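Q: Sequence:
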Amino acid sequence: MTLESLWSKGFRPFFIGASVFAVVSMAAWLSIYRFGLQLELSGVSIFQWHAHEMLYGYAIAVIAGFLLTATGNWTGLETAKGAWLSLIFIFWLAARILLINGTAHLVYAAVADLAFMAGLGLAVARPIIKVRQKRQTLILLLVALLTGSNLLFYLGAAGIVDNGVRLGIQGGLYLVLGMVLFMGRRVIPFFTANGVGYEVEMKNPRWNDVATLVLYPAFLLSEVFFSGSLAGALFAAGLFVSNSIRVNGWHTLGIWQKPLIWGLFAAFLMINLGFLLRALAPVTVIPDFLHVHAFAVGGIGIITMSMMARVSLGHTGRNVHESPAVMLFLLVAMVAGALFRLIFPMFDPANYQAWIVISGSIWIISFTVFSLYFMPMLWKPRVDTQKS
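Heads up: the sequence shown is residues 17 to 404, going by this note's numbering.
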């Protein structure tokens with residue numbers, strides 16, 4: 017390991033942290049859920065603790081690594097490296113350690129977590145503002161809203177804001193999902209067109225972009241403030257149609273030879289399954305919040321692993337057009353784990369707990385293998401002579 021390499025770009029420490037924490041946090045959750053491990057919790061339930069750490073621990077770490085790296089590419093300016101990057105990461109890590117056993121150190125965890133998110137926001141905002149890239153302002157808004165949602169969670173857990181915990185978790189989930197949809201719209205057609213090895217037209221009708229920009233904020237607000245409403249189901253139905261058309265316009269048979277590309281499609285299809293499940297909820301006996309795990313385990317889980325792999329390969333001088341063999345195993349496993357969490361409980365609810373344990377175990381195995389394969393390339397220098 018070379019410290020200079022590790023702290024040269026944001027994706028390096030944060031992808032290491034995210035992949036290891038994905039294993040630790042899920043193992044802790046299964047120990048609580050199945051084997052009765054007790055946490056010292058006050059102001060939050062075990063389910064809310066789990067949701068918070070998967071969102072603001074795992075998912076935000078991946079987003080941080082991506083944004084700290086991508087913003088430098090977009091603007092041509094550095095975001096954070098060296099001591100500044102290590103400080104942002106240490107705040108994230110401190111919050112995870114302080115919360116791993118519960119909420120006994122809630123105030124200190126809140127300070128560390130919010131300092132991490134503020135540091136991330138500043139590191140990303142500075143180059144964007146300096147070069148006046150107005151098209152990236154939505155990214156800054158989403159980071160600011162995520163910080164506000166996390167603050168709401170902590171204020172709720174401390175008993176200061178009524179319903180703050182639920183609002184913070186729901187807000188965090190749908191803001192992260194919105195960021196996935198926004199960034200996916202930008203990168204999936206580009207990666208597909210450049211990765212399949214033949215000329216292909218990516219169809220992105222403007223009306224569909226406008227529809228998503230109208231429907232998704234409406235869906236987010238309805239789910240956060242009027243959870244379970246009929247309006248939310250109707251917005252979800254519209255998003256299901258919109259995103260079905262979008263994914264169909266991007267699809268080409270060549271993606272199925274490229275795991276790093278079809279993994280992105282699989283994630284979008286899982287998100288679309290979530291919209292469908294939410295749309296059908298008022299008129300079916302589908303278990304409550306099953307759609308949430310379609311968004312989280314299927315959508316966010318698969319796309320974050322796919323993006324971490326792609327960024328890690330590309331920014332360490334490796335070929336992103338030739339997926340390592342391990343990625344086929346990992347992505348198939350992640351899809352299987354999502355199906356165990358989503359489909360099997362619908363048809364065999366009597367064994368609901370068993371399906372959760374199987375799905376969680378697949379998650380742990382997948383991210384353990386991912387960590388063992390990718391960590392060495394993340395802490396070592398690039399294999400070529402180019403700058404990351």
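Hints are computed from structural coordinates only; laboratory data are not their basis. One or more hints might be untrue.
As the list claims (entries may be wrong) - Capping the alpha-carbon separation at 25 Å, the derived lysine to any residue pairs in SDA-like fashion look like this:
#1 K150 with A134
#2 K97 with A43
#3 K219 with A134
#4 K150 with V230
Note that the structure is a prediction, hence the values are computed from the model and not measured.
Q: Indicate, hint by hint, whether the structure satisfies it.
A: How the hints compare with the structure:
Simply put, K150 and A134 have alpha-carbon atoms about 20 Å apart, close enough for the 25 Å limit, and the pair holds. For the hint pairing K97 with A43, the CA-to-CA distance comes to about 31 Å; that exceeds 25 Å, so the pair is violated. With a C-alpha separation of about 37 Å, the suggested pairing of K219 with A134 is violated against the 25 Å cut-off. Distance hint between K150 and V230 is fulfilled; the C-alpha atoms sit about 20 Å from each other, no more than 25 Å.
When held up to the earlier numbered hints, the structure conflicts with 2, 3 and fits the remainder.
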